[in-house]
Amino acid sequence: MQTLLGTLVNGIALGMAYALIAVGYSMVFGIIRLINFAHGAMYAFGAYMVYFFVSLKVGLLPSIIISILLSGILALLIDKVALEPLRKKKSLPIATLITTVGMSFIIQNFLSIEYIFTSEKKGFPSLNLFDSITIGNVTIQSSQLLMFAVALVLLGVLSLIVYKTKIGLAMRATEQNMKAANLMGINVNFVISFTFFIGGATAAIAAALISGYYQVISPTMGSLIGLKAFSAAVVGGIGILYGSVVGGLVVGVAECLAAQYLGSNVRDPMAFVILIIILIIKPTGLFGKKGISKV
Amino acid sequence: MSRISETIKTKGLLFTVERFFDRYKWVIAIVFGILAVSVPFLGLSRSMMRLLVMIGLYSMLGMGLNILVGYTGQVSLGHAGFYAIGAYVCALLQVDAGVNFWVALIAGGIFSGLVGLLLGLPTLRLSGTYLSIVTLGFGEVVQMILKQWDSVTYGNYGVRNIPKPELFGFTFNQQNGGFYIIILVLTTLTAIGCYLLRNSKTGRAFVAIKEDELAATMMGIKTSRYKILAFVLSAFVTGIAGGFYSVINNGYIEPTNFTFNISILIMSVVIVGGLGTIRGMFFGSAILMLFPEVFRFLNEWRFVIYGLLLVLMMRFRPQGALGWQSTLPYRLTKETKKLLENSKAAADTNDMK
Amino acid sequence: MDFLKVKNITMQFGGLFAVQDVDFYVNRGEIVSLIGPNGAGKTTIFNMLTGVYQITSGTMEFEGQKLEGKTPQEIVELGISRTFQNLRLFQKMRVIENVLVGTHIRTKYNFFDGLFRTKAFREEEAKNTYKAIEILKSIGLENYMNSYVESLPYGEQRKVEIARAIATDAKLLLLDEPAAGMNPSESEDLLRFIKSLKDKGFTILMIEHDMNVVMNISDRIYVLDHGKMIAHGLPDEIANDKRVIEAYLGGERKHAKNRKS
Chain B
1 MQTLLGTLVN GIALGMAYAL IAVGYSMVFG IIRLINFAHG AMYAFGAYMV YFFVSLKVGL
61 LPSIIISILL SGILALLIDK VALEPLRKKK SLPIATLITT VGMSFIIQNF LSIEYIFTSE
121 KKGFPSLNLF DSITIGNVTI QSSQLLMFAV ALVLLGVLSL IVYKTKIGLA MRATEQNMKA
181 ANLMGINVNF VISFTFFIGG ATAAIAAALI SGYYQVISPT MGSLIGLKAF SAAVVGGIGI
241 LYGSVVGGLV VGVAECLAAQ YLGSNVRDPM AFVILIIILI IKPTGLFGKK GISKV
Chain H
1 MSRISETIKT KGLLFTVERF FDRYKWVIAI VFGILAVSVP FLGLSRSMMR LLVMIGLYSM
61 LGMGLNILVG YTGQVSLGHA GFYAIGAYVC ALLQVDAGVN FWVALIAGGI FSGLVGLLLG
121 LPTLRLSGTY LSIVTLGFGE VVQMILKQWD SVTYGNYGVR NIPKPELFGF TFNQQNGGFY
181 IIILVLTTLT AIGCYLLRNS KTGRAFVAIK EDELAATMMG IKTSRYKILA FVLSAFVTGI
241 AGGFYSVINN GYIEPTNFTF NISILIMSVV IVGGLGTIRG MFFGSAILML FPEVFRFLNE
301 WRFVIYGLLL VLMMRFRPQG ALGWQSTLPY RLTKETKKLL ENSKAAADTN DMK
Chain S
1 MDFLKVKNIT MQFGGLFAVQ DVDFYVNRGE IVSLIGPNGA GKTTIFNMLT GVYQITSGTM
61 EFEGQKLEGK TPQEIVELGI SRTFQNLRLF QKMRVIENVL VGTHIRTKYN FFDGLFRTKA
121 FREEEAKNTY KAIEILKSIG LENYMNSYVE SLPYGEQRKV EIARAIATDA KLLLLDEPAA
181 GMNPSESEDL LRFIKSLKDK GFTILMIEHD MNVVMNISDR IYVLDHGKMI AHGLPDEIAN
241 DKRVIEAYLG GERKHAKNRK S
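Residue numbers (our numbering), protein chains in the order written: chain B, 1 to 295; chain H, 1 to 353; chain S, 1 to 261.
Derived by calculation from the structure, the hints in this document are not laboratory data.
Simulated restraints on C-beta separations:
(1) T10/S to S151/H: 54 to 62 Å
(2) N143/S to N177/B: 38 to 46 Å
(3) L16/S to P125/B: 54 to 62 Å
Every residue gets a Cβ at the ideal spot worked out from N, C-alpha and C, and that includes glycine.
Could you build all of it, start to finish, from the sequences and the hints given here?
Here is the structure:
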């Protein structure tokens with residue numbers, strides 16, 4: 001039986017992991033106003049890439065770096081090959097949504113094919129690089145500390161990119177008004193592809209960290225966690241970086257508390273319950289801003 | 001014959017096929033209708049009959065979702081939730097309260113419709129993307145409730161020993177074609193209902209909301225009311241389909257029958273078949289039910305191909321296979337034609353004076 | 001009873017006054033034009049009248065009924081209908097269906113009537129369809145009846161919007177730049193059509209930039225600039241009003257004067 005504090009610790013660690021994935025959703029949504037359902041599949045892809053290269057006897061850290069690059073490229077390809085043509089055609093949003101769902105099916109099912117990786121769970125190298133720390137009767141594993149630390153650093157780096165660099169400025173401009181940004185000479189398609197790349201890369205980092213904690217991966221690992229992370233992004237305020245962090249923490253903590261005190265069946269839908277409540281009370285999320293639409 | 005080849009040359013094969021279907025659509029419908037009615041007498045194999053029942057079931061599910069997405073433009077990624085509610089209410093009423101199937105079926109639909117009302121109300125302000133996420137969450141929450149509330153729903157174990165429908169001593173089952181007959185009647189009624197709805201002020205209001213909600217408001221349409229109506233109707237039809245499903249699945253249902261993948265499957269039927277059309281629902285259902293059979297030889301690659309199918313459809317045929325706009329003139333009712341004739345006659349008499 | 005009477009209306013967005021202390025009135029059967037440079041607030045006034053925006057302050061009365069605080073649907077019911085500067089038709093519906101949507105608000109049959117095709121449905125649906133076709137005939141669009149709006153040329157689409165507004169049985173029509181994008185012969189046609197509407201008993205409040213149309217059919221003209229009413233009167237008066245000329249040309253006359261001396 002876990003103590004309240006222990007549950008909170010787990011919740012915070014989990015929350016930071018959600019935040020990492022949420023950030024990818026948030027940035028992509030902010031820029032093209034559409035949910036990328038394939039994001040969860042890229043998360044799974046990232047985990048499997050690490051597994052693959054580790055099994056080829058490439059070291060853990062190099063494998064993770066390769067995985068980050070490959071996931072970023074995959075995300076970029078998804079945009080270029082599947083989504084950009086739809087943008088050009090001015091397709092209905094539902095068409096893009098279904099396309100990303102289709103993409104996620106392709107990736108997930110590809111991973112579970114018999115002679116690729118099979119649909120069975122696979123062991124993932126542990127990221128418990130140091131001994132766990134025990135404070136009182138709460139044990140914090142080193143992989144959890146790693147999740148927290150890396151997530152924090154990464155989110156800091158992303159904030160820096162978005163708010164202090166030229167490309168970040170281009171991203172923010174495109175987010176506000178794509179047409180105007182285009183007219184100002186910003187290569188909008190490049191900005192979008194770049195955003196997708198970052199999304200894929202962050203998903204891979206999150207995948208490495210979370211898999212290092214649970215030490216198990218499966219082809220469908222991305223779907224549920226992807227949806228939860230998306231809920232976290234919306235709860236915090238879609239398109240807003242620090243919103244993803246807060247949203248992730250809220251969902252992570254709530255989920256662990258619910259699982260502890262209400263039973264395991266309540267764990268998974270918890271993210272959605274919070275999401276529905278927030279969307280009804282404040283549709284733009286905790287930190288989201290409202291826009292005025294002109295007739 | 002030469003006119004057809006002319007048209008193919010100048011306007012393309014697809015255009016010609018579409019115009020052909022438009023022109024002969026009632027003939028085609030009657031032919032299919034006759035085929036459909038004669039199925040129980042054709043001595044088809046059991047698996048073939050089973051397939052036809054599933055095609056019928058998913059056509060109905062497609063038509064239900066189509067009311068919300070195809071007509072009114074509101075996205076739902078959680079329709080498995082309504083499907084589950086209809087199924088569970090119907091099953092539990094039969095198993096726990098001894099209610100007969102026909103009453104339980106309607107009750108399942110009504111209950112599902114009420115939940116549609118509850119979901120529609122708070123989501124009025126939400127548009128597109130946000131609505132799709134909330135409906136997705138709804139689907140997940142329904143699954144959670146089914147698993148958690150085991151005192152009522154039997155939790156993960158599911159509802160077992162669901163009896164087969166009976167009427168005047170006749171038991172409907174798979175072997176005697178009974179299931180097929182029921183779903184045939186249900187889909188026919190639903191198709192007729194959707195057609196009548198679409199060609200009335202309600203249907204026009206739905207499509208107006210989809211096309212331009214603000215303009216619809218400015219023309220005096222109470223858009224909130226109609227959006228909720230769309231939710232309720234969609235949920236009702238889906239719930240009835242659920243009730244039917246509860247008796248054809250070897251007598252049991254469990255929460256894992258109603259996952260997010262099912263919601264996506266229903267959405268795929270609508271999108272692949274032809275968003276906004278009734279014929280598209282039948283076609284889409286046929287494609288998606290036949291798909292695992294036809295591509296069985298591909299084994300696990302089937303689902304990769306399924307994903308690819310969705311991506312390619314959206315890229316090259318986003319309106320769906322049968323989703324083109326009809327080129328026939330707007331159908332005027334008898335009464336309208338009479339009014340037009342009368343006024344023409346009056347105008348002619350005046351001219352003569 | 002006054003037809004449309006608007007007093008001291010103001011529309012404030014945050015710190016910005018889009019419309020400030022505007023007064024105007026429209027008598028039954030008149031054609032009144034609202035002109036002014038782009039961004040003056042003309043469409044904003046339409047949005048205020050039709051309930052799209054809730055006004056910050058002031059009063060608007062139509063046939064003795066208050067308009068402030070009412071929903072757009074309630075205002076349509078009272079008899080005010082509009083067209084849009086940027087065309088808001090139901091593109092993927094047929095022309096006849098668009099006009100039928102206009103009849104929605106006056107249609108009494110309910111959802112169940114539609115589903116069971118009752119006598120009430122059949123009679124009213126026929127009546128409405130007949131009315132829609134007659135409206136299309138009067139505006140010269142009957143050949144386009146079965147076409148999808150998105151396939152129509154721009155000028156014809158603008159006419160469909162007017163037809164749709166008429167179908168609501170409105171007493172007061174708010175036309176937002178009806179002649180936009182029309183060539184001279186098309187705007188002549190439009191001019192005649194709007195005059196015919198007046199003969200049929202409609203009252204019209206129109207935003208327009210085409211001075212030929214404005215000067216030829218308006219009974220009275222109001223001029224708006226930067227959210228304030230700067231002139232009001234008969235077409236001749238407005239054509240020679242210094243303030244109006246300045247507003248449109250941006251004070252160039254002043255500069256010209258200074259240069260001379």
